[in-house]
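Enquirer: Next come the chains, spelled out residue by residue.
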Amino acid sequence: MSETVVYRARKIITMDVNRPAATHVAVRDGRILAVGGADVAAPWGAARDDARFADAVLMPGFVEGHAHMMAGAMWQYVYAGYQDRHDPDGVLWPGLTSIEAVIDGLCEAEARLADGAALVAWGFDPIFLPTERLNRRHLDAVSTVRPIVVMHSNFHLMTVNSAALALVGYDRDTAVEGVFKGADGTPTGELQEMAAMFPLLRRLGIDFRALSRQPDSVRAFARTAQRVGVTTSADLMAELPDDDVETLLALTGEADFPLRIVPALNGMSDTPERVAERALALRARSGDRLRLGAVKLMTDGSIQGFTARLKWPGYLERSENGIWNTPPAALEAMVERLNAAGVQMHIHVNGDEASEVAIAALEKALAAHPGGDHRHTLQHCQMADAAQFRRMAALGLCVNLFANHVWYFGDQHVERTLGPDRAGRIDAARTALDHGVPLAIHSDAPVTPMAPLFTAWCAATRRTPQGRVLGAAQRITVDEALHAITLGAAYTLKLDHEIGSIETGKRADFAVLDDDPTAVAVDALKDIGVRGTVLGGRVFAP
Amino acid sequence: MSGGLPVTVVTGYLGAGKTTLINDLLAQPHGRRITVLVNDFGEIAIDEALIVSRSGDTIALANGCLCCSLGDDLFDALDRILSAPALPDHLVIETSGVADPRRVTQIALAEPMLAAHGTVTVVDPLNLAATLDDALLADTVRRQLAAADLAVVSKAALCDAAALDQACALAAGHLPARAPVLVAGRTVPAEVLLDRLIEAGGAAPGASGDAAHPATYRSWSYAGDRRIARAALDGLLRRDDLGIYRLKGFVGLDDGSTVLVQKAGGRATVEPAAAAVGSRLVAIGAAGALDPAALERLWRSLSVADAGPQAVSSASATSRTPAAMRPAGIDE
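Chains as they are written, first to last, in my numbering: chain E, 1 to 542; chain W, 1001 to 1332.
Some hints here could point you the wrong way.
Per label pair, the in silico range of CB-to-CB distance [as the list claims (entries may be wrong)]: (1) A1163/W - E239/E: 39 to 49 Å; (2) L316/E - E1043/W: 31 to 41 Å; (3) E320/E - G1056/W: 49 to 59 Å; (4) P130/E - D1133/W: 39 to 49 Å.
Not the full set, but computed from the structure, chain E residues with beta-carbon under 8 Å of chain W [what the hints assert, rightly or not]: (5) V176; (6) A195; (7) E317; (8) E320; (9) N321; (10) I323; (11) W324.
Calculated from the structure, these hints are not laboratory results. Even for Gly, the Cβ is constructed at its ideal location relative to N, Cα and C.
My request is simple: use the sequences and hints to build the entire structure.
Expert: Structure representation (structure tokens):
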């Protein structure tokens, strides 16, 4: 018979109503055998006591319902963001809080590079450095010969040095919308959107998507998740050719691989018929730590990029509406077919016109093929109002709200994109719960850092960098937020029967915390230290 | 950069007729190795006799053209094309039905290896009014029209004259002044579609801010086997009373050779052309100055039908005035 291990903890928050708190959990064969007090394993025979978590708090392993594998790949480049960030190996990269600090950081990184290699940095966000806009002259101080690319945190912008501009021939005569020019008529070094960035990316051999598929990137993604207590994460848009599936199966099959990954197949890559066929075939190839079968669909762009589709009155600073990634009629056809085939859909909707179109498509599809535990989930769904949540509830849809947006982009939404009224109800977690819509909240890493306790803090406080409480009425309680990052997210991934709570029969997936999230002040929620995880009974923590 | 691979963007809402236009373009005897990046690979219906090979996402034609699936990522596809050992002569990018074609054009303007030749917006006269009335789609379709350097009205044969006029007038209201409107006949000649519709830097020809640049255009085009004597051609090119602003194409001479003809403003060039492709000519001129019907009559009086089947003329017109949309010469 396999060994039974009993972990003792300062406190175990189970998310199981039958026993909300405990001090001991017995684990056998990677699963939870029993939860309770010191004698928890007594009915089950011999057990070994393990006191390594005696002063820690255990929670169900956190579930990140919307992230991207790219979050691991980025660490092959230099971090240049404003906030402190830990790399997958736990090394702290202090935030660079002034242009001078950015330059110093880049100079340090430059000194370590081989001759001829480009210097690539990421995570930069000019919104936090309002005094002066980073430009090519700043970067020329780092190097005049080596191309330098500073990718902004939203991946829609980059700032480059003169050597990089020369490489693609951008000069005062260049007439490309995304090549910004200064008062003197020469490029500032800031390049916006892929059209302007693409010539440089391909000359420097930078391909984030290809990079994301490398085994090292997958491992880095898993370590990134492990560090913040995540034991299961979605990778919400993957192409999943056979080679990638083989790689992922091999990697996630390694005993010391610390993450369960739930990739969603790109639903726009082929006809709905073939996508449905592939999704069902992929589902059959799932392993314990690689769960395949769901599909991701796109509708619109992003609010901060002015590309989300908004209903009236549209954007504050722009008269044009955003863009469709998928024509509404085509979306309707896809949704109809995939629902009929029994394929779960995660549908990207940012603006309220996009969520409305998606809801209408699902209404039609579910009328044609009702029933079934579909768990179709609207992803981001940042602008849905109460009426849309009522329709979602009627259809049994789930929602995964982009709670981190409140902190990262909330002030921008008040001042530039939406205005105070609609900004105050973005990512309306309270309304979702009040209407009984199953709720998850997410980071969209690497767009914002993966850290579920931070995400929970965003949903519970709705604070912004400028000190606002953005829509106090939409705050949810800490308990509700903790549910959203465990069982709630597990439900949207159709895994709530296996993970998301600490109860007998489920996988022994734990987040190991320094402190009790339900006991600290709500503002301290985001600062609770995470020691690591337990995944399927295997400890990934000191 | 004028030395780059020419890029023509073909846009239009779902079902507007982009694929039909592209299928027809690939089948024309234009003598160019065109690579077409298409959105809807399944819709491409090329005559099997023209296909030399087929792989997962590429169809190779006997005339050197390639038809590639754009797949999920335009940038991946472009990188593959630009990294291949040999570049095609021309790249045509069919945008998705909801894409903003300006973004695609920006790529061609930004990438030094590419040269933006302009955007062709295909307009479906049967559905235009409905899409412009659809609150979810109107702005998408308006953007596609606003991006046009040339508008091609498809499905003319399925439309009665009044409906066609109405659709053309509706489209004209959203098109930029620089964009000629071609009511597509059986075929839109490659020379018309692939012509450099914008100057390097993205401006329309003649749109350099001079007040004289005409606000509306008409065009006349011909594709067929008619031939002309060199002296008659030179005489035609010297004429400055025809309202021709630009003229371009291949002309079959009566001695059996073919020449490439270009005229812009008062300057005309005639060069020997390698491939004999018959005569394929397009002229653009200010509305009110260029008279497509008169030009058609002049061309027919100066040229002679080659021995063989009667050539198909495809004079087309363009104007802000719907009444002038269907000149006598239109086929179908």
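Enquirer: The structure should be examined with respect to each hint, and the outcome stated for every one.
Expert: To see whether the hints hold, each was checked on the structure:
1. Roughly 44 Å separates the CB atoms of A1163/W and E239/E, a value that falls within the hinted 39 to 49 Å.
2. The hinted range of 31 to 41 Å is satisfied by L316/E and E1043/W, whose Cβ atoms lie roughly 40 Å apart.
3. The given range of 49 to 59 Å is broken by E320/E and G1056/W, whose C-beta atoms sit roughly 37 Å from each other.
4. Remark: the range hint 39 to 49 Å for P130/E to D1133/W is upheld by a beta-carbon distance near 44 Å.
5. Taken as an interface hint, V176/E checks out: its beta carbon lies about 4 Å from the nearest beta carbon of chain W, inside 8 Å.
6. The criterion of a C-beta within 8 Å of any C-beta in chain W is met by A195/E, whose closest approach is roughly 4 Å, and the hint holds.
7. With 8 Å as the threshold, the beta carbon of E317/E stays out of range of chain W, its nearest partner Cβ sitting at about 17 Å, so the hint is violated.
8. Interface restraint check: E320/E against chain W, minimum CB-CB distance 7 Å, threshold 8 Å, status holds.
9. With a least beta-carbon distance of about 5 Å to chain W, the hint placing N321/E at the interface is held under the 8 Å criterion.
10. Taking 8 Å as the C-beta contact cut-off toward chain W, the hint placing I323/E at the interface holds, the least distance being around 6 Å.
11. Evaluation of the W324/E hint against chain W yields a held restraint, the C-beta minimum of about 4 Å falling below 8 Å.
Figure legend: structure checked against the earlier numbered hints; hints not met, in rising order: 3, 7.
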